[in-house]
Amino acid sequence: MVLATIVEIAGTIMTRRGHNNVMLYNLYWLVEFVLLVYIARSIIAKPPVWSAIAIPAFLLLWASEFVLVWGRYQLVIYSVMVGAFLLVGIYLALLWELVNTWVGPLHRSTTFWLCLAVLLYFGGAAPVLGSVNYFIGTDARLAQQLFWVVRGLCVLKFLLMAVMFSRMTAPTQPTTSP
Amino acid sequence: MNDPFDVATVVIFSALALMALMGIAVLLLIVVHQRRIRHQTDVVGMRLQHAKAMHQVEREVEGQTLAEVGIELHDNVGQLLTSLHLEVQTLLESDEPPANAQGMERTLDRAISELRRLSKSLSTDHLRKRPLVDLLAEECQRLHRPGKREVVLMANMKDATVTPDQHVVFFRIFQEAMNNALKHARASRITVTLVRNGALRMAIQDNGIGYDIGTLKGGGQGLTNIRRRATLIGATCTLLSEPGTGTTVIVSQ
Chain U
1 MVLATIVEIA GTIMTRRGHN NVMLYNLYWL VEFVLLVYIA RSIIAKPPVW SAIAIPAFLL
61 LWASEFVLVW GRYQLVIYSV MVGAFLLVGI YLALLWELVN TWVGPLHRST TFWLCLAVLL
121 YFGGAAPVLG SVNYFIGTDA RLAQQLFWVV RGLCVLKFLL MAVMFSRMTA PTQPTTSP
Chain R
1001 MNDPFDVATV VIFSALALMA LMGIAVLLLI VVHQRRIRHQ TDVVGMRLQH AKAMHQVERE
1061 VEGQTLAEVG IELHDNVGQL LTSLHLEVQT LLESDEPPAN AQGMERTLDR AISELRRLSK
1121 SLSTDHLRKR PLVDLLAEEC QRLHRPGKRE VVLMANMKDA TVTPDQHVVF FRIFQEAMNN
1181 ALKHARASRI TVTLVRNGAL RMAIQDNGIG YDIGTLKGGG QGLTNIRRRA TLIGATCTLL
1241 SEPGTGTTVI VSQ
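Residue numbers (our numbering), protein chains in the order written: chain U, 1 to 178; chain R, 1001 to 1253.
Keep in mind the hints are simulated off the structure, nothing from the lab.
Restricting the straight-line Cα-Cα distance to at most 25 Å, the calculated cross-link-like pairs of lysine to any residue (SDA-like) are: (1) R:K1120 - R:L1084; (2) U:K46 - R:I1024; (3) U:K46 - R:L1029; (4) U:K46 - R:Q1040.
For clarity, every value in this text was computed on a predicted model and none was experimentally measured.
With the hints as constraints, model all of the structure from the sequences given.
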């Protein structure tokens, strides 16, 4: 959340000074992806087998696309879409594991709120972010309006994460092996 | 579909559809979680019920076995002793009774009365007919030897509050603890306390040789029996002992 705030501030400053901030978001996307994968892998006991191949493949895709769009100031849309679906898959696996190990109501688990935030944000944002380059090229105003969808999803994501942080202080129940 | 507005509509609907899909997935997982919890609760309940049933069967089998041993003692050994008693009496009524015949008769009388008492104490039905306090008081009185061994009972409860299971198990634990105190601990003073203060609580304290709980492997057969019997009715059993300071057995339910 702190990192996201710093990036948003930096992005606004860049725009006001007449610089294109797309590359900043391209880099931030990689950082956000790696952080979310790291968090999921530190919680999940049995990471999905496919993720061992899919994550390096994604990193390769991002690097290739980043080089490709360099100088064109375009969003790495393929990496965004593939990464978003990868995160959805990983967090669904994490939620599945939680469902099978958590004792007590799910809403008392911090992991549940984290999963909800990731699933709803990346599930909803993937089509919008994936079509950003098209809209910027055809109708910049429409692209700006579509960005409100992403902003709305961002608010939802951070609200759910705030709930997650509030659950950290509440008494938690231990998980048991089946 | 070249119009950007049409594409935007498709994009927004796709986003909404994917979010709805995620929502449905989360809801389904919540349902799966609730079912798992319900299933686990059912399994725990069934296990508890099974354990209860097993304990009940164990209690019944133990009660029946003891009752059968009691009947066998009364009918077989008791009859033999009674026949022997009659023969001793015939000897005593003869013209020249042996010198030790009277002593033999006295010993036989004691043996017969001890056997009857033992036979009765093994019968669970017999135990249940009498209040627990009375049973303990009778046993304490029997084991009390003025000047040699002091056995004291302190009770402040009404027996009506004791369940049939507590009745039998508490009495058997008392018998086992008394046996330990007299046979192994060589105690000269035993204090039995029975109180009902919410829970039924019985403490048997002796001034015998005591033992080191940490080094006593397996706890000895007597102590194992005490613990096992307490477990049968879900009572807690605490053993306090140190070499030279006596032993206290506390059973509470």
